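Protein chains in written order, with the numbering used here: chain A, 1 to 114; chain B, 1 to 113.
One or more of the hints may lead you astray.
[To be verified] Restricting the straight-line Cα-Cα distance to at most 30 Å, the calculated cross-link-like pairs of lysine-lysine (BS3-like) are: (1) A/Lys-69 / A/Lys-109; (2) A/Lys-69 / B/Lys-11; (3) A/Lys-113 / A/Lys-49; (4) A/Lys-69 / A/Lys-101; (5) B/Lys-11 / A/Lys-49; (6) A/Lys-109 / B/Lys-70; (7) B/Lys-70 / A/Lys-101; (8) B/Lys-70 / A/Lys-69.
[To be verified] A short list of chain A residues far from chain B (calculated; beta carbon distances all over 10 Å): (9) Glu-66; (10) Gln-71; (11) Ser-73; (12) Lys-101.
[What the hints assert, rightly or not] What follows is a set of in silico ranges between Cβ atoms, one per label pair, in the way DEER data are often shown: (13) A/Ser-52 / B/Glu-14: 43 to 51 Å; (14) A/Pro-114 / B/Ala-51: 21 to 29 Å; (15) A/Thr-5 / B/Glu-14: 30 to 38 Å; (16) B/Thr-111 / A/Gly-53: 31 to 39 Å; (17) A/Pro-79 / B/Glu-14: 45 to 53 Å.
Hints are computed from structural coordinates only; laboratory data are not their basis. Quick caveat, the model's predicted, so the values are computed rather than measured. Glycine included, each C-beta is placed from N, C-alpha and C at the ideal position.
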Amino acid sequence: AQSVTQLDSQVPVFEEAPVELRCNYSSSVSVYLFWYVQYPNQGLQLLLKYLSGSTLVKGINGFEAEFNKSQTSFHLRKPSVHISDTAEYFCAVSRGYNFNKFYFGSGTKLNVKP
Amino acid sequence: DAGITQSPRYKITETGRQVTLMCHQTWSHSYMFWYRQDLGHGLRLIYYSAAADITDKGEVPDGYVVSRSKTENFPLTLESATRSQTSVYFCASSPGGGVSEAFFGQGTRLTVV
Chain A
1 AQSVTQLDSQ VPVFEEAPVE LRCNYSSSVS VYLFWYVQYP NQGLQLLLKY LSGSTLVKGI
61 NGFEAEFNKS QTSFHLRKPS VHISDTAEYF CAVSRGYNFN KFYFGSGTKL NVKP
Chain B
1 DAGITQSPRY KITETGRQVT LMCHQTWSHS YMFWYRQDLG HGLRLIYYSA AADITDKGEV
61 PDGYVVSRSK TENFPLTLES ATRSQTSVYF CASSPGGGVS EAFFGQGTRL TVV
């Protein structure tokens, strides 16, 4: 079965500091990769996605992620976080023979402190 | 309004009762999904549908029933609710074609007492 691992359940960080949220996946076939953000009591919104092409993907709100096939990773980064980035972040994958099913990691809660 | 809407947003029900969560999308997306969100588990796929009258099980289908008689609606029914089904349920849709993300509703918080 497809596995998506988010290595950190919680990440505390001070405002204006850089942050990296880690995501690893396991798949023997090609994948599409996604990062979603969930603000309190809301649904999930897409931050960015990797389908093909450049391995560095830029998304909304200043976030970016890098697809590393050899390490099967898709880590999310932001060079300078704001209080408003406090939310839960989910990594998701769809895999080669059924791109229309999405599998999610367990989520990482980003807590930005003033 | 365009988009994907879930109803109700909050629901409390008793053990053993049948409850149906509604999901409606206005984009005519082919694919629709039901996920449950629990602490420590992220989102787990319950059922999905590739088109009207086509549904399939996800990772955690036991205790749930779905139907999709119309493209825009994808209700989820708990036939006999149990406390372990207390969760936040998210409906999502996707146009399919392999290159599109899923679009999510606001969620339904279900409490089974």
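In ascending order, which of the hints set out earlier in this document are inconsistent with the structure?
Failing hints, ascending: 2, 5, 6, 8, 12, 14, 16.
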